[in-house]
Amino acid sequence: MTTDITKGVTAEQAGAAFGALRAEIGKAVVGNDNAVMYLVLALLCRGHVLLEGVPGVAKTLLVRALATALDLDYARVQFTPDLMPGDVTGSQIYDPHSAEFTFRHGPVFTNLLLADEINRTPPKTQSALLESMEERQVSVDGKPQPLPDPFVVVATQNPIEQEGTYPLPEAQLDRFLFKVDIQLPSRDDEFRVLQRHAAGFDPRDLAAAGLRPVAGPAHITAARAAIADVTISPEVLAYTVDLCRATRTAPAVQHGASTRGATALMAASRAFAWLNGRGFVTPDDVKFVAVAVLRHRLHLRPEAELDGVTTEGVMSALLGSVPVPV
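The working numbering puts the first residue of the sequence shown at 26, with every later residue one more than the last.
Hint data in this document are derived by calculation from the structure and do not stem from the laboratory.
It is possible that part of the hints are untrue.
In silico lysine to any residue, SDA-like type, Cα no more than 20 Å apart, as pairs [as the list claims (entries may be wrong)]:
1. K168 to D112
2. K168 to G115
3. K168 to P110
4. K168 to P106
Only a predicted model underlies this, so the values are computations on that prediction, with no experimental measurement involved.
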């Protein structure tokens, strides 16, 4: 079980702890600073993250390092075509001694769940996560089983392999707060990775790399309370609404962001402002998180996709055209 590192953590202490987080994760992961930022924001916003990247770019290592540096329980599920919903959420097991069925908790009962290659399992199993992601519970015989808090799903998918995959349904994509693209490292970063491995770094042994918990659930609770006090002016709120509404009228977009996307953009902007030491949201905060919050909520017209239009390109154009409050 995860234990709180401290009790009665203040907002200042929480801010300092999250400030130290990047350096701690950097002991194991080179680069990917934005991905670390989005994972932390998801924790603070009670959201989930979809990581997309080719194999071998440290997606799993990033999540494991985050769980270690935040003293959180961690579980990994490798999604495969034969994975059943009960393999994720848990199942009823018959006990011959008591002649009764008891519920055996599945790997979803954790703080940080890595759903590896989520698009390799059929929709039936993908949808098993929907209730967990949205309601933070698993229903067993009509009775809810609450999940731990914090609870974050980090799912990964490979963008270059389409054979044997099942695209995530729109309803499930909309449950992810962020979609983050993990790119191949720069030459300098890749050189630093090889230097570490040459010096004996073992990605399977994070303790040997010096990783230690710098924050825990109490820090997350304190941070969430502080974020609730971050103000957002009517002008910035209107900018958030206008940006989301513009996604619905963009010529290349068939379906734009829903109201859930607008509330997600507001929540992420407030958390980002707090992480940067401010008690108010600026338009730049909204702009910083907008692409990661909205890119997976836009569904392009088929003809636009054939012309090479991307959701990132649409978002870039909208960020440049929607009037920004002064």
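Here is how each hint holds up against the structure:
1. K168 to D112: 19 Å, holds
2. K168 to G115: Holds, because 14 Å separates the two Cα atoms, which is no more than 20 Å.
3. K168 to P110: Given pair K168, P110 holds - Cα atoms ~17 Å apart, limit 20 Å.
4. K168 to P106: Between K168 and P106 the Cα gap is close to 28 Å, so the pair fails against 20 Å, i.e. violated.
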